[in-house]
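Chains A, B and C supply the protein sequences, listed in that same order.
Every position in the first sequence, counted from 1, becomes a number in the working numbering once 162 is added.
Every position in the second sequence, counted from 1, becomes a number in the working numbering once 8 is added.
Every position in the third sequence, counted from 1, becomes a number in the working numbering once 20 is added.
To be clear, the hints were calculated from the coordinates, so they are not data collected in a lab.
Fair warning: there could be bad hints in the mix.
Partial pick of chain B residues on the chain A-facing surface, computed with a CB cut under 7 Å [as the list claims (entries may be wrong)]:
1) S90
2) I128
3) L304
Here the structure is a predicted model, which is why all the values come from computation and not from measurement.
Beta carbons are placed, not taken as given, at the ideal position from N, Cα and C, and that holds for glycine.
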Amino acid sequence: MSRSLLSLMLALVVCVGISFFGENFIASNFAYYYDILISIGVNIILATSLNLVNGYTGQFSLGHAGFMAIGAYASASWSNHLDPVIFGMLGGSESPVATNAAMFISTLFAGVLAAIAGFAVGVPSLRLKGDYLAIVTLGFGEIIRVAILNTDFLGASRGLSVAGTYTNLFWTYGSVVLCIYVVLSLVHSTYGRGFLTVRDDEVAAEAMGINTTKYKVVAFVVASFFAGVAGALYAHFKAFVTPEGFNFFRSVDVVVIVILGGMGSTIGVVLAAVLLTILPEVLRALAHTQFVPAAYQGLLENRLILYSLLLIILMLTRPQGLFGDGTAFKKWSRRSRVD
Amino acid sequence: MDKLIEMLQQLVNGVSLGSIYALIALGYTMVYGVLRFINFAHGDIYMLGAYAGYLLAPLFAHTFKFGDFDTFTPENTLFILSGAGLVMILSMAICATIGVLIERIAYRPLRERPRLNVLITAIGVSLFLQNMTQYRLGANPRAFPQLIPVHVVEGLGNLTILTSQLAIILATIVLLIILRFVVMRTKIGLAMRALSLNPTACSIMGVNNDVVISFTFALGSALAAAAGILVSMDSPSINPLMGNLPGIKAFVAAVLGGIGNIPGAALGGLIIGILETLVVAIGFPQWRDGIAFAVLIVILLFKPTGILGRVEREKV
Amino acid sequence: MGSLLKLDNCTIRFGGLTAVSAFCMEITNGELVGLIGPNGAGKTTVFNMVTGVYQPTEGEVLLAGERLNGLKPYAITGKGIARTFQNIRLFSSLTVFDNVRASFNLRLKHGPIHALTRGRAFLNEEAEIEKRTLELLKIFNLDRFREVMCKSLPYGDQRRLEIVRALATQPKLLLLDEPAAGMTPTEKSNLMKLIEFVRETFDISVLLVEHDMRVVMGICKRIYVLDHGVKIAEGPPEKIRRDPKVIEAYLGEGPS
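One chain only, chain A, in its complex shape:
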């Protein structure tokens, strides 16, 4: 077996270990940090998967939250209706085998459904370029949200309760490890170089025999799968989902992380995800210390004002983010105008 596959197995074993021994301890004594840890994991999965599309393949997708929504609602519905069946077969709702099987199946279902949606959205949309692709993906994200909002079976605007809070450190970080493994193994292969060629120069890539549309769709589907997984993790953590939680702002959240990390750098994106998940908490804590005059407390607590300023300043001063090489941006430097 190859080295990288072995590393994957090892990482997963470590996750199991930490979860097995440390889970309850952390969850009960450090509940606040436990929450943050899970959130970090979810954001890493979202950002790493989006990075495959936006960073490595150079396609600007603004609808990632839509696929997360599909995953969240899919796994929620699945669990709500089919968990009792699984429990019946595997020894009841208290049995760890049963709960873990339930989590696995509902998460897999979420990912697959999100991937199918990714395919359906990707095939027609990915022939569009730059600004247009951004708007269409934004549009699809909103359509998904509006569709859920209008579906009574999914709780519509009331939201949907989720049976079973199965999300724990193992599932979260196991998925993180899997996601990073998939993205890195794909990209660091001869096949994977194809993604980068699509980003750098589509015309030249096609001339070298690379089916650029296929690559874009593959990236999109893989990314959507993991967005779905992230959604499932989120659903089984919060035990309650609403369409509002998956709106355009959520997509922007992920885009900011990808840009800050440097599009096309998985390490950068992982670090950025950690940073940007912790940042609002830090600022909130800071806002209440004596260093900050009362007048500015609200400003610090308002994540979006800071995000937006961060975005603007980043673009003006360091568009390549922390670790990127700015290549994803160069793609659009050749203006497609008939001058």
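Once you've looked at the hints, dock chains B and C against the given chain A.
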């Protein structure tokens, strides 16, 4: 006969709504025309226009007796309209300035850089405007002051048209006429049109591209502000996020008409407004927002250049 | 010697403009053919028709008898036609090595799934690709730059890299679009030797678009001349050199 009245009614509703979208769409299309850039923050200028009116109106409330009149009469019409008009013009001026400032600070430095950068910056600006407004003026909806008396227009029988709707439609017509004049008959309008075709040639011919671009932003922002005021006369609840949905629908309208094409934006706006009204009239009110997205996807898949747009080829 | 590429009365119109009109061309196996003409004559347009970037409005493009009309560019490359570009289009974020390696995607047997499972077969194929990439780079003296970002290479080397990248797709026909542009006389002489070397070593046909007459007359066995989208002459260099129509089309331009 009733059916006809019903249809006419919905048509008027649709045109009124569509006029708002048209005014906002014009800003998107003009900026895209000169810069090939989608100004994500444009919808928030519309919101700022409404808020500007909200903050300005109290200053003139005494002079123009806002809210004191119940109906339009031949004697008071001119007076009312001048009061509302003043607030609208001032709001347009303020937003025009804001638009120019945003371009100067956030977009101009990135002009030579890849388009993706400035697209992201625009998203940042949009979020900033929304959340700053929310921070300073609260997230709760505010009641827009009554600038004109709102009542059913008399003498139309069973046709229920509100004075506010009439105001929207008439104001839009006036603004479109002025816009057409500026674009087709003034030097700067000519410069705008030339710039949208070939910026390099423009600067060689002595056009100050920066000035023309600033002017374009000012013009687009002014129209969006007008839309903000007009819509608030009709539907007086304003909130910091009110620019989101109309913004994206107006963008769809601009794309529908052919992005970069000015008559196209007006046409697109009207079509979207009428479609949206129809969807609700037929009995699917929950899809009123979704219809614009559906239109967007259909256009981009089948005719991305829009109804009146041109194809641009990449040179290989 | 079989016919490899045949353009049969190819016409292409863009709106009201006819860029190329009823163009006929035939290239046999192993031939080195030139395509010349004044600026704007339509030479790159012909390239784009052959490679599928544009579809001919009328006429057929045939490769070894097989019709190429309607195929997408990547499919045409799959059939055995590779090209370089007038303005060098390397993959700017990739190293010299990866630029060539990327071209092996075309005939990759072990795709994305295998990249994930990383089994024996996958690893073997990757090793094979690495070997062949290095071999190619070595032949063209670029192997010492393998880890260098391609954008850092000197201009002449970048042009050479583009040719290597195209060769990695194992083409039967190589289209070179003004490869001598921007080169010094010495570089041009080396380029001429390189093109002939490529033709012989890889046993392929070459279609060369060039402005530099010395290069074209020096290595091409036959030359087609295009002016305003119409073929005005065809034949060996000596004949073309003396053709009055060609001289007239180039009035004012001499060999550089």
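List of violated hint numbers, smallest to largest: Result: hint 1 breaks, nothing else.
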